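**Student:** The chain contents come next:
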Amino acid sequence: MKRYIAKRLLWLIPVMLMISFIAFFLMYLSPGDPATIYLSQGGDAPSAEAVANLRQELGLNDSMWVQYGRWLVNLFHGDLGTSIYTGNAVAHEIAAYFPNTIRLTLLATVMTLLLSIPLGIICAVRENGILDNIVRVINFFFGSLPGFFAALMLIYFLGVKLRWLPTVSSGSAKGIWMPALTLTLTMAPAYIRQIRAAIIQELEENYIRMAKARGIRERMILYHGALKSVLPSLFTIIGMNVGHLLGGTAIIEIVCTYQGLGRLAVNSITNRDYPLMQGFVLLMAGIYVLVNLAVDILHAYADPRVKKRLIAENGGGRRYAKKKRIL
Amino acid sequence: MKRKKMLAVLLCMAMLCSALVGCGSKKEEGGKDIEFTMSVGNSNTTSGFSFDPAVDYLSQKSVTTGIAETLFVLNDDTKAVEPHLATGYEQTDDLTWVITIRDGVTFSNGKALDAAACKSALEYIFANNTRLGTMADIASIEADGQILTLKTNGIVAIMPRILTEVNAIIFDTEASDDYSGGVIGTGPYILKSVDGDGNCELVRNDNYWQGTPVAAKIHTKANLDAAAQTLALQSGELDWAGIQTSDLPLFENNPDYEVLTYNPGRVYYLYLNPGYTFTEDPAVREALTCAFDRDAILQGVYGGRGTVTTSIFPDFSEFYDSSLGQVGYNLEQAKKILADAGYEDTDNDGFIEKDGEKVHLNITCYSGNSFPVLSEVLQSMLKEIGIESDIVVSDAIVDDLNKGEYNIATYAYNTLTLGDCYNYLNPVFHTDGTSNFTGFSDPEVDAMLDEMKVTSDTAKRAELAKKIQEKVYEADQHLFLLHIQRYNVVRKGITGITPMFGSDNANNFIFWKFDKQ
Amino acid sequence: MPKRRGFFRTPKARFLFWLAVVGLLAVFALAAPLFIRHDPLEVNLLQVTKAPSKEYIMGTDYIGRCIFCRLVKGASRSIFAACAVVAITFVIGTAIGCLCGYIGGAFDTVVMRFVDAVQAFPSMVFTISVAAMLGSGLLNCIIAMTAVGWTGYARLARSQVLTLKEKTFVSAARISGMSRTAILFKTILPNSLTPLVVSASMHVGSAILGFSGLSFLGLGTAPPFPEWGNMLNDGKATLQTAPWTVIFPGLAILIVVMIMGMFGDSINELLNLKKNVEQ
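Chains as they are written, first to last, in full-length UniProt numbering: chain A, 1 to 327; chain B, 1 to 517; chain C, 1 to 279.
Hints are computed from structural coordinates only; laboratory data are not their basis. It should be emphasised that the depicted structure is a prediction, and the values quoted were computed from it without experimental measurement. Beta carbons are placed, not taken as given, at the ideal position from N, Cα and C, and that holds for glycine. You may find that some hints are simply not true.
[What the hints assert, rightly or not] Derived SDA-like pairs (lysine to any residue); straight-line CA-CA distance at most 20 Å: (1) B:K403 with B:E344; (2) C:K50 with B:G304; (3) B:K79 with B:Y262; (4) A:K7 with C:F107; (5) C:K236 with B:R491; (6) A:K161 with C:P243; (7) A:K161 with B:E252; (8) B:K467 with B:Y422; (9) A:K161 with B:R491; (10) A:K161 with C:Q240; (11) A:K161 with B:Y257.
[What the hints assert, rightly or not] What the simulated footprint calls covered on chain A by chain C, stretch by stretch (three residues with Cβ under 8 Å from a Cβ of chain C suffice, anywhere in the stretch; the number is not a length): (12) 70-80; (13) 100-110; (14) 146-153; (15) 171-185.
[To be verified] Heads up, incomplete: computed chain B residues facing chain A, CB under 10 Å, no partners named: (16) F49; (17) V55; (18) Y57; (19) A127; (20) T130; (21) G198; (22) L224; (23) Q234; (24) E237.
Required output: the full structure, derived from the provided sequences and hints.
**Tutor:** Below you can see the structure in the form of structure tokens.
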């Protein structure tokens, strides 16, 4: 197992390199020159001379490989570069937003779990009961709302009409609740479904049938048998979603004006702020890979079969569950 | 043990109370214990902030937050230059400007303002802010007591106006090495804290040279988009914000808000490209100049929130001449011009052809200023005169227009940047102009622009501007549509507001007299 | 397991019901534009943001276009674009995943590390980057979403193939002298499709939501052509002053995504049931 972990950690390096290259490549091929875009924010076109100077200063005249190589060399010296827009160090910019993203991710995940574990269990135990059907319909409703539409509605009703929460999250102590609530409502359906399905499957398993036959109380079975065995698959769902949350909440962050990395990333794409985008992607990918590694390890300790499989497959074939919700 | 803890808590509370009381009793004359929350800038495409005047274009600026000030300011109504941190200026020869710095002004750290401090700040700005540096073209700066002398390489006729620019702030360069997190200025408010997004907490500068600011604290929110500003105004989180026109009905005739209107001299216009396919034909461009119903556009797209125009400058400006301008909307005229030039619908599909080739125009726009909507309307108006067109929404408008592969492009420009016309006329109409996307080239216009560059006499500049306009209107390469109004909304009961002229203008910090009734 | 009562007694009945609903939706999306009263592109500046009336049953948008007509016209665009994304990602992902699982070795390692990289890239940021690179437009959105989406299928298909490879019936086929390609196409592929089809059926709804997200960021369909995500985004500015500009496109998306979700669920139920019976 140790060798397995070491191997996975080693794989992290080429994967991260590949990601940073993909990010750089995508940005490089995007139409629009960062220098021109930066200088034309005032609405008027910059002079050719000003653009040439800025391009020189930013090193944009070099070939793609030279630029990428330079970024890489700086990276090994611990320098992520400077944001084109604010002129601040990329590490500084990311550090300003990263804690907020972590906070939002944790809060949204905890709220989602608090909502979906009890509902998932109840729905599984009373499969096809009235409550199960009601939850199913509500699930489909929230799972089918475009994220920004849900956020706008919540802002309008909770912020403007009821004045419970601030409409602008940025710079407000209570600001985190609006995006967290929106994320919970749009994420919970997937969790509830998966938890429900996992518990139903476990309840069907033979050993529980046998326990039932032996006359053990259903609640006992649920807590000690089914729930315990559902935990590993819960880890997988969380691992997958944490990765998704760290970068995928940009739209909700924009609508709620939350100071998160997702918004920063989208802005850096719009502005062709290469260094900022690169730094962001590198960080997110690193976290994603690490979180999933942690999930796999937890999983392996909880379930020897998984351990065997993981070692056999050597890192491949982790996330069987599909990625839900592209945006 | 427990008792000790209790004692400590009590002591702390007592100290806290006395501190609070202390603050209250220290209230200066004219100051009140009130707070406001303002929205500063309205862009959601930038995250982060920097107070460093070398970093251009970020909406959170030292001037708009009241931390620092400029040597001169523009009068809100007349756009004339007025002294501020300077008391006056004199142009001793073509290349030399002598500026007198106001006595008795101190930075918020107590340091007295003198010419040496101004020299240090301006030298930093002109060396590091390329845009301002190029504009000012400084050769050397000298400081002697309260006398600041600027020498330029070439003739810079509008030097005092340049010194009203939002980045030309006077700040204490010795207070720190890194200006991105805040500067020490002379303004009515002092930056107390700022978060990663640029939301500031500002406290009153009790030693402000113009008097004591009213509100004890100002909170600014940066980088909000239009929708967020509207919602935050409604929910009571903001006391003041600029809003988009489509949300005006929510605040007009609403007893809780007051709507303030001003005309920033911003013109919405079209480039008609003579260098690309069908708009090469002067007849097509001439037809286009009378094909668009400006009144319908103003009402339909912009909710009537502006004025229609056939000229560049708004009518209150000294560069405006009522005898100059383009022809207005005339559908029959447009059709006639096209028919006379040999364009007709030969295959009866509703769209015109010439020599068997269907006329097809490309409308290029960017996503700001409701331009995609405007483009859709233009498209429908083109259909009226039988011209087929499609719309391209560009992410990098300047790059795309420079490529020249468009027929019609929508654009917006501040015509009175720094209160002057040159910053609009030169980039758009000079042969080498940076916003000259149609390849407009007229030696006479070039000569007049070059003359304007070195002319500081206002009347003479206005005369030149009018002559240039004559030439521009003849060429049918630009089509001026509207001057758009700006709207600010404040909560009812707030007084002491002056409208902010333009967005890139270093006006006096507008919140410093804000008061609540 | 308590049986459901009434109309939808069996998974098959439920599947057929939702199949019929989806079929009706498709017919509606294709046929309805033939019966609309207004040109969905016709601008009428005298009728800007008019509330729903007899003439315009869902009101008009910010430049006086009929919202109902645009919704109907946009239906085919929105739904079929989403289906295209799913179909393309499904085919590409399954093909690559099967090849990886079946061939194995260095090819598998390289491709799967690439899949790792794409999946570790925050998916939304990746989509936006690709869309930004290609520029706005429906086709470009489809490409951008495909660029990310195929990896999920590739992974799923690969793991299916890996499991099936060890099964006795595959070994039997090998011993009986079937060629490698024949084994892949005749034995492995048909048996690995179930979870892939289930996954694909669930994916249609999220693709529609994905389009609305891209539209929100201004990377959607070029104006003036109607697409639901775009309509929703355009209506954002008049959310309060003319709520119908947002509510109807929002409802349309909601209803279609819900129907697609229910349909996917019923496929899931049906196929899993079959599998259990076979086993």
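**Student:** Does each hint fit the structure? Answer for all of them.
**Tutor:** Tested hints:
1. B:K403 with B:E344: Outside the cut-off at roughly 30 Å; violated.
2. C:K50 with B:G304: 16 Å, holds
3. B:K79 with B:Y262: Roughly 13 Å separates the two Cα atoms, so the pair holds.
4. A:K7 with C:F107: 19 Å, holds
5. C:K236 with B:R491: Distance ~24 Å between K236 of chain C and R491 of chain B Cα, so the pair is violated.
6. A:K161 with C:P243: Given that 20 Å is the threshold and the Cα spacing comes to 15 Å, the pair holds.
7. A:K161 with B:E252: 19 Å, holds
8. B:K467 with B:Y422: Holds - the C-alpha atoms of Y422 of chain B and K467 of chain B are around 13 Å apart, at most 20 Å.
9. A:K161 with B:R491: 17 Å, holds
10. A:K161 with C:Q240: Within the cut-off at roughly 12 Å; holds.
11. A:K161 with B:Y257: Holds. K161 of chain A to Y257 of chain B sits at ~17 Å (cutoff 20 Å).
12. 70-80: violated (count 0)
13. 100-110: Per the Cβ count (0), the hint is violated.
14. 146-153: holds (count 5)
15. 171-185: violated (count 0)
16. F49: Because about 7 Å separates F49 of chain B from the closest Cβ in chain A, which is inside the 10 Å limit, the hint holds.
17. V55: Since chain A brings a Cβ to about 5 Å from V55 of chain B, closer than 10 Å, the hint holds.
18. Y57: Hint holds; Y57 of chain B Cβ to chain A Cβ min 4 Å, cut 10 Å.
19. A127: 13 Å, violated
20. T130: Status holds, d = 6 Å.
21. G198: 9 Å, holds
22. L224: L224 of chain B check passes; min Cβ-Cβ to chain A is 6 Å, inside 10 Å.
23. Q234: Result: holds, 5 Å to nearest chain A Cβ.
24. E237: Hint on E237 of chain B: holds, closest Cβ of chain A at ~6 Å, below 10 Å.
In summary, the numbered hints that this structure violates are 1, 5, 12, 13, 15, 19.
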